[in-house]
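Participant: Assemble the whole structure, with the sequences as input and the hints as a guide.
Sequence lines, in order, name chains A and B. Just so we're aligned, residue 1 is where the first sequence starts under this note's numbering, counting upward by one. Just so we're aligned, residue 1 is where the second sequence starts under this note's numbering, counting upward by one.
Please keep in mind that the hints were generated in silico from the structure rather than gathered at the bench. Take the hints with a grain of salt, since some may be wrong.
If chains are identical, the list can't say which one is meant, so a pair holds when it fits in one copy or spans any two.
[Stated by the list, open to error] In silico EDC-like cross-links for lysine to aspartate or glutamate, where the CA-CA straight-line distance does not exceed 20 Å: (1) 62 / 40; (2) 124 / 404; (3) 168 / 92; (4) 256 / 393; (5) 145 / 309; (6) 124 / 171; (7) 225 / 144; (8) 256 / 208; (9) 62 / 140; (10) 168 / 53; (11) 256 / 203; (12) 256 / 301.
Protein chains: 2
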Amino acid sequence: MEGDPALRLRVFDLNCWAIRYLSKRRQERIQLIGDMLRQEDFDLVLLQEVWSELDYSDLNVKLGGCYPFSHYFRSGVIGSGLCVFSRFPILDTLLYQYSLNGYPYMLQHGDWFCGKSVGLVIIKISGIIFNIYVTHLHAEYCREKDAYLPHRLVQAWELAQFIRHTSKAADVVLLGGDLNMHPEDVGIRLLRGWTGLRDAFAEATRFEGCEDGCTLVPNNCFTDKSELLPFPLGIRIDYILYKAISSFMVKCEELKTTTGAAPGMDVPFSDHEAVMATLHVQRQGQAAGATLTTAEPMLADVVTEARTEVGVGLRAAQQQRYSSGRMALLALLLLLLQAMAALGALAGLDAGQPFPKLSFCLLAFLAIGILLLATGLHLFHTMEVKMLHSTEEQMRMVLQTLQERP
Amino acid sequence: MEGDPALRLRVFDLNCWAIRYLSKRRQERIQLIGDMLRQEDFDLVLLQEVWSELDYSDLNVKLGGCYPFSHYFRSGVIGSGLCVFSRFPILDTLLYQYSLNGYPYMLQHGDWFCGKSVGLVIIKISGIIFNIYVTHLHAEYCREKDAYLPHRLVQAWELAQFIRHTSKAADVVLLGGDLNMHPEDVGIRLLRGWTGLRDAFAEATRFEGCEDGCTLVPNNCFTDKSELLPFPLGIRIDYILYKAISSFMVKCEELKTTTGAAPGMDVPFSDHEAVMATLHVQRQGQAAGATLTTAEPMLADVVTEARTEVGVGLRAAQQQRYSSGRMALLALLLLLLQAMAALGALAGLDAGQPFPKLSFCLLAFLAIGILLLATGLHLFHTMEVKMLHSTEEQMRMVLQTLQERP
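Facilitator: So, in structure tokens, the structure goes:
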């Protein structure tokens, strides 16, 4: 590759669904992923949902020969689940943890505990600087009534801002990950419009894999068939996006996805399909500049749409902050009343009636429990309001700038 | 200023100590700060500890005429306390919240609730791109036994990494803020060494203000005199740092600090002294490149020193994670024992003894309380371990790179 003016880069992206004790046949699948990656010899491997550092270490040992450079991004209680394996030296790394990521009390969803983030690794191949981003956004549990849409939009916005601010010295920008958004969703349009990133699936000269490039398909034995009922072909939520910034040109020559179980195997690598892109990078005469793919009036529409959704989330968060604050006050009031009753009993004002110690204690503990819980919720929703408000204002500023341009 | 090849930039930095209900004479001081800023006509104002958005709004209304551009950085439960006022248009902003920032149970210190962060605003003056950073790191409550040193070092490291990754297209980088570190502390040496930022106080051609450039001085009526006993002149913890990245040169012509109460006033602006720098920015023939001020072998020593301290913090956090996990398990065991005793009593195995309902309930609630608290602590310290571990590893990687260089 060295000395060749054109560079061919093979990129692999997969959400590995490797949750300890929960994901089916996890260890077997991690072995399979490792074996396949060793055989296939990609240049760059971007993985998500490698929640256990032990799984990462196993992969690292297995892949050390073909991918001598790797990075595991730690964050949150459980981790970010993100890691990168590379054939080329990793020069630098940075992690940005999204400011909103679901709710700690939604234990059944668990996203909050993951510390979802975007990881950046910088590599240099034949003098070309690549900024490689890997990420995993908040899951969508119910498309009809998506309570997490405002949080996912904040994440998409922060992802776009992080990429814009950190990629200014890069020649090529590449983003891989499970974005948990369909291609036409507002979050994807926002991300692409505001960064100028192109969708490898839409740009690919050749495509091979699941129809419409879907990465969550009914054909995969691990997917929940009932969730995919409205989408008989499946959905596309895993992406490889790219752009050239300076005097380079990137083309996607080929895009592939896996299609359920690989030939000769009875188990797919994950409940998601992998996305594999072959990119062609070439130096061109004049600098391309940081062009946006979406025309500015269209971009303004997308930002307006996203801002409206964030505004809906903001009002819901304000309502929850208010409700939890009121609940905390009521619990405090109950405790004060109880304290007065107890003082009254001690002062002999109970008119000889036996004092109901047990019920009194139970009630007091209940009130303390509610007070603590409601205060915690109030603090959490205060923080949520702050971040939604801040994002909404940033979007307002961007809209103003877009509208002021001649 | 337009068309002039040399540019003079007057920068003001102050930790305003504006905590609602707690800081003395807060509103009066915010008024004074606003009046002075309006009179003095700086180019750029970087403020910290403006915790209340109402105070920011008041300042914004007052300063709208002279500083038409401003930004307030929201984060955490209380906020980041950071804001910027500028005479020049703010082109873009970004906030990075530090991954570690003290402990939620240290209510008397409260840093955890503030969501301490670094804010970036980008401005362009006469075609020169300025990346302006404003930040406030974790306070040092006891210098002899500084329990927060590992957290502050993680913050200093993340600050340096954030500046390095986001400033690649900037011509001039400027950082102002309360770093809560003395000039010779390892965190400052790490920040300066790893970013190449220069200390305006050390570089200034002229200086006027508190001796040694101190910004927390016994002369200020709001400072805690007993804390400053070991430092009769005071301490310097507020900084303006800068560097030129591309083909520009920056010099600090003059540095000033306030000295307690201003002439004709009986109250200082804050418990901190303000730092005011006049910078001279000039285009020069050849690109300076991103030079580091600290020679690389020295930088390696600083990173090693910082890594050792982070390692100490890591082991302490691992110990706390273990202790809280054990406590949670013991509480769970107690609850199980109680459940067995209750079942025994229901099955008539209590041999006719009256069942002690009240003590039983109290004990059960105690066990539940301890279980919840210890689980919360365990989760928190798990996250702390992850971030300390991650920083230690990043530092190890940097050391390896530094040592591999010829």
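Participant: Compare the structure with each hint and give your call.
Facilitator: Comparing the hints with the structure gives:
no.: 1; hint: 62 / 40; in the structure: within (13 Å within a copy, 64 Å between copies)
no.: 2; hint: 124 / 404; in the structure: between (38 Å within a copy, 17 Å between copies)
no.: 3; hint: 168 / 92; in the structure: both (15 Å within a copy, 13 Å between copies)
no.: 4; hint: 256 / 393; in the structure: neither (39 Å within a copy, 35 Å between copies)
no.: 5; hint: 145 / 309; in the structure: within (13 Å within a copy, 48 Å between copies)
no.: 6; hint: 124 / 171; in the structure: within (9 Å within a copy, 23 Å between copies)
no.: 7; hint: 225 / 144; in the structure: within (17 Å within a copy, 61 Å between copies)
no.: 8; hint: 256 / 208; in the structure: within (5 Å within a copy, 66 Å between copies)
no.: 9; hint: 62 / 140; in the structure: neither (33 Å within a copy, 45 Å between copies)
no.: 10; hint: 168 / 53; in the structure: neither (32 Å within a copy, 32 Å between copies)
no.: 11; hint: 256 / 203; in the structure: within (12 Å within a copy, 57 Å between copies)
no.: 12; hint: 256 / 301; in the structure: neither (32 Å within a copy, 48 Å between copies)
Of the hints listed earlier, those the structure fails to meet are numbers 4, 9, 10 and 12, in rising order.
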